[in-house]
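Residue numbers (my numbering), protein chains in the order written: chain A, 8 to 338; chain B, 2 to 356.
No lab work stands behind these hints, which were simulated from the structure alone.
Be aware that one or more of the hints could be misleading.
To be verified - Computed footprint of chain B on chain A, listed as stretches where at least three residues anywhere in the stretch have a Cβ under 8 Å from a Cβ of chain B:
no., region
1, 59-68
2, 87-99
3, 112-123
4, 226-235
5, 293-307
The model shown is predicted, which means the values in this text are computed figures rather than measured ones.
Ideal Cβ placement from N, Cα and C applies to all residues, glycine included.
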Amino acid sequence: MSSAPKQMEQVQARASALDSIGRLISRYGILIALVLIVLVLSVSSENFLTAGNLTNVLRQVSINGILAVGMTFVILTGGIDLSIGSVLAFAGMVGASLVIGENPHAPITAVLAAMTVGAGLGACSGVLIAWVRLPAFVVTLGMLSAVRGLTLIYSRGMPISNLSASFKFLGFGNVFGVPVTVVLFAGTVLVAWVVLGHTIYGRRVYAVGGNIRSARTCGINVSGIIFSVYLLMGLMSALAGVTLTARTTAALPQAGVAYELDAIAAVVIGGTSLTGGVGGVLLTVVGVLIIGLLNNGLDLLGISSYYQQVIKGLMIVAAVLIDKARHADAV
Amino acid sequence: MIKGDKARMHPDKAPGFTRREILRGAMAVGAFGLVTGCRGKNNQNVHRIAVPLQGMTAEFMQLWLRGAQAHPAIRTGLATITVFDGRMDALTQANQFDTIITQRYDAIIFIPVDIQAGVGPAAQAKAAGIPLIGSNTLMADRSLYRCYIGSDGVVSGEDVARAVVTKLGGGKGNVVILEGIIGHSAQIERRQGIQTVLAQFPNVKVLEMKAANWSRADGQALMENWLTAHGSAINGVISQNDEMALGAIEALKARAVDLATHPVGGVDGLTDALDAVKRGEMWTTLQDANAQAQGSVDLALRVLIGPAYQPMSDIWKQYPGKLDWGDGTRTEYMVPWTAVTSENVDRLLAVRRAG
């Protein structure tokens with residue numbers, strides 16, 4: 008009789024060892040994919056591995072990167088936000104309207120105004136999802152349409168251009184040789200990584216996504232956490248919105264259409280689970296880089312964007328396969 | 002024990018399988034790289050032209066590209082063109098400009114996604130010393146172009162409005178206007194042309210004017226709603242492009258409206274629209290994608306090679322007195338529109354199908 012518990016212990020130990028190996032493989036699988044893409048592109052295009060091009064890649068991914076960081080928080084709680092492209096456009100539009108004309112406001116005023124708008128819109132979604140308990144998919148789908156409409160009303164369907172030079176610095180300027188957009192992206196990643204990995208708040212985000220009932224039992228203010236991630240997503244969308252506006256030198260009413268898809272794709276390719284509780288910001292950065300490198304590399308090689316979309320789609324499905332495998336372990 | 006088996010099986014099998022999936026995906030990428038890798042090598046004698054264009058989902062862009070690829074200089078290998086699909090997104094296009102500049106292309110033929118948002122990237126290209134030739138869509142700041150070849154959108158608006166209004170009995174009646182995506186340069190220019198002509202016909206009343214976003218489906222839905230609202234009071238339809246006009250025609254047909262007495266006018270000369278003209282269902286004016294594309298390649302090569310370059314495309318003989326090469330140094334070339342009529346539609350369709 009005494010051998011039975013021992014046997015169980017052994018089995019469990021072996022299982023958890025295998026489990027952690029499996030997790031390592033599924034975690035590094037995506038890194039291997041990233042390294043392979045870099046290798047293939049380095050060999051097939053002489054221009055790929057140049058400082059100029061790599062800076063381009065970083066600058067090109069930074070807007071999707073900022074959005075994907077916010078989306079990581081949302082998806083970690085098991086939620087989704089489809090409205091980010093519209094929030095991005097509206098916030099960018101509001102920001103742009105402050106930096107035109109004879110006496111433009113300072114860029115920081117525009118950024119703060121945009122982020123206020125983003126936070127407000129994110130809070131609307133957050134309240135409906137966290138306390139009214141409507142499904143996130145439906146609430147943010149509604150916001151996607153409503154906020155796009157607000158953008159068109161606010162702009163009367165016309166782009167806002169002739170932005171002040173100091174504002175455009177956000178899109179074109181460099182700080183110590185690094186593009187400002189990349190600095191913003193890197194800063195966002197750093198802050199998010201610290202918050203998610205090294206604060207009580209971060210642990211609570213994982214807890215809510217991992218098992219909402221036990222999180223509630225543990226005394227976590229679940230509704231508060233859920234509300235906060237949509238608020239955060241709104242802020243990130245707005246930051247991406249002003250950056251994009253500066254980068255395209257105009258706030259366009261149709262800016263950001265379908266950007267939610269790339270942000271979600273980056274999070275999923277990075278390996279964050281759509282059911283919540285598993286994943287992280289650095290994984291998302293890998294996902295963002297993979298998408299960005301594919302876009303850049305296939306442009307360099309002169310391959311039609313049609314293939315780009317097929318490959319991106321395959322990557323998403325492959326990433327979900329990994330996620331499914333990981334879930335099968337957990338059950 | 003059962004639990005243990007399960008735990009052992011999955012970590013063994015599933016992640017291994019998925020890693021293989023990833024490897025396979027990466028190999029697919031590698032295969033593309035190998036196929037096209039040789040193309041990436043620079044040949045100093047070949048002029049490399051980058052073509053950032055709006056988006057490859059529109060038929061007009063496909064026709065434009067087909068024209069460019071058929072240019073004698075491209076076919077003989079004097080120059081190469083690399084297409085950058087802007088996917089109708091200004092940021093995508095701005096990013097592609099970075100790539101083009103880093104790659105040091107010799108020249109850029111630019112069709113901006115947005116006339117305002119195109120200015121920033123264009124200024125970067127100018128600062129990098131890469132000559133920029135505009136085609137099809139005129140961006141907001143003309144000073145950044147070496148030269149531009151396109152068709153005047155205002156003229157097409159005037160043409161379509163005049164065609165519809167003169168077909169109304171005695172220059173009198175009620176029309177509806179289908180607009181493109183508000184803020185697009187084509188929408189702004191075509192609206193201006195339409196309004197110029199309508200101002201000359203005080204007996205023509207505009208019942209409705211609304212955006213159907215260049216889309217056939219949107220045009221059809223909007224027309225159905227207008228027919229519900231106004232019924233037989235609508236005498237004619239002015240559309241800013243063919244797609245929306247074709248949608249409106251479907252709605253009119255569903256209501257059994259006689260298209261012979263209810264003129265519908267569009268702009269662009271898409272293949273479906275040419276067929277509709279042949280059936281006597283609509284009027285349209287053809288924007289010559291081939292001439293815009295081939296003309297822009299000639300102008301780019303004129304910039305790169307200098308006065309010694311003689312244009313290789315025969316589009317310069319196609320519009321005598323209206324579109325002349327000169328010495329290839331003018332800053333603006335306007336390709337005339339061609340009104341599509343029952344007389345010339347068969348010839349235009351034959352040209353389209355031959356390409």
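We went through each hint and held it up to the structure:
| no. | hint | in the structure |
| --- | --- | --- |
| 1 | 59-68 | holds (count 5) |
| 2 | 87-99 | violated (count 0) |
| 3 | 112-123 | violated (count 0) |
| 4 | 226-235 | violated (count 0) |
| 5 | 293-307 | holds (count 7) |
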